[in-house]
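Could you build the full structure based on these sequences and the hints that come with them?
Those protein sequences? They're chains P and V, same order as listed.
Residues 1 to 270 (my numbering) make up the first sequence, in order.
Residues 1 to 311 (my numbering) make up the second sequence, in order.
No wet-lab data here; the hints were simulated from the structure.
Possibly wrong hints are sitting among the right ones.
To be verified - Below, computed lysine to any residue pairings styled on SDA-like, alpha-carbon distance capped at 25 Å:
(1) K50/V - R128/P
(2) K249/V - N214/P
(3) K112/V - L13/P
(4) K39/P - L170/V
(5) K216/V - Y199/V
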Amino acid sequence: MRKPILTTFIMLLLAVYFIFPFYWLAIGTTKNVSQLFQKSLLPGVPNNFLENVRAIFTYQNGLFFQWLANSFLYAGLGALIAIFLACMAGYAFRRYDFYGKKLLFLLILGFAMVPVFATTLPLFMLFRDLKLLNTRLAVLLPSFVHVFSVYLMIAYWNQVPEEIFNAAQIDGANDLLIFFKIGLPNLIPGSITLFLLVFVGIWNNFFLPLVVINSRARMPLVLGITTITDPQGFPVYNLTLTSSFFTILPLLILFVLLQKHFKPQLYTGR
Amino acid sequence: MTEEMIMDKMPTKKRMSKKTLDSIKAYLFLAPFLLLFATMVIYPIALSAKLSLYGQRGARMWYIGLQNFVTLFQDPKFWESFRIPLFLLTVQVPLMLFLALLIAFLYEKMEKHGGGIYRFIYYLPYTIPGIVTGIVWSYIFSDSMSPFRPVLDLLGFSGTKILTRPNLQLILLLITLWAFTGYTAFVIYSSLIAIPKAYSEQAQLDGATFWQIAFKIKMPFLRDVCLTLFIFNAIGAIQVFNEPWMLGKLIVLPSNYTPAMYIYNSAFAQGRFTYAAALGLILALLTFSFSLYILHRATKQMLTGESQLLP
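What follows is the structure, encoded as structure tokens:
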């Protein structure tokens, strides 16, 4: 088959559209504000990248690193616990015929797509009453619940053959042992995919921390970087851009390294 | 399987007690999730429902029945807030699905010519936070930093501003297309390659061209995935917040620019919590009705033990 020239041309053109903001962000990190105002499409001359990085890393006594640590805490711990809880719930659906099974499934599914804009305001009031407002728990607790994961976990568990459970049961393994020793290993590939999905979801979640977190030291990156100002309260464009760059860097690295896990099952369906 | 069928299968006392035992075990495994689900999802919605029935001034609240909803439906700001979602729903989503379909077919065409790298590049925007998307694009379109500014000046448009309210819809269109088209194309492509080759091979032998095969033979197989994607994007459209929020830092936007912004501003800028709760409920209800088709399909799949749902 010959190389489709027209197709290649269209694909390249589209690639420019999708790459351009990344390129512009990258060159933006090499400029100071007056260089940004020159609107050039080339890296800044002189190159101010290290200057910007130093400014970000030393901004307000290392506030940036607190945001980074918070983001890793919220997304890492949040996703880990969300997945584990969903895994246990999925196991219950797979293994047992229990009272209210269908009703519970409908309930879980029905609430899978409740918008955060509907739940976050009442959560704000709940946390205010519990004196949890402006604590890390206020971001973590809602992150522990990922309803859609339960649904996918049920699907993953359904793919584990019945014989595996039966054989283990005959060998006298109890339910907890079957869950940890026999079931879980079968779930690892699906769980990695799911972990990435939930991790990225929490990492990118802006609205929840915007509402429940006040103090800058407890903000995640996505919220923190929007609060960067000079002492007079004006935005500092080059620092916002440089910190944006470092906000997406972990995600891009994850995506490149674990590309395969971003795909299977979740998207293909059939 | 319906409840009755399950009951029919286990009429004896002994089987029933096994079900009781199973129920205990099942709920032990479910307990941690259910506890958090109840407090972090169900309770907030219930609280919203309760709050929406109250009037409020400062910390004082009193029962007013459905008055908030009456006010809401007579509030022009409420209706105006749907202008952007409607625009996205009627212009951006169909346009994106169409583009994504074409791109998915092109992916297929390029399979032996390094199509993977394009799939990777086009997908990238989907992996980054909406707020960073908002920052970068709003700067790209801001008149002080835009790389398009020199081009416009050169063409003699030095007086016209880029980032203005009338241009904002177009800018949002470009941003949302940028953020979600690659992902959408990838999902469609995944379904596309799952179509059995036999169908297209026969047509190929009959002399059909690539695009004839694409639109006449493969398209019907993609109906379901496109419908699902349409629904997910419709839900996304009524909840748009991050991108206009960032744009709002460079250009003055009304408090009700989108429904989500109206909820946020009603609650936290104006302190009208109960009114915002009513707004949130309406948004949740809209989302729920949009998702009914997906829920219906998912339930069917679950009950027949088939594989899982898309995205």
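These are the hints, each one checked on the structure:
| no. | hint | in the structure |
| --- | --- | --- |
| 1 | K50/V - R128/P | holds (17 Å) |
| 2 | K249/V - N214/P | holds (19 Å) |
| 3 | K112/V - L13/P | holds (19 Å) |
| 4 | K39/P - L170/V | holds (21 Å) |
| 5 | K216/V - Y199/V | holds (11 Å) |
When the structure is compared with the earlier hints, no violation turns up for any of them.
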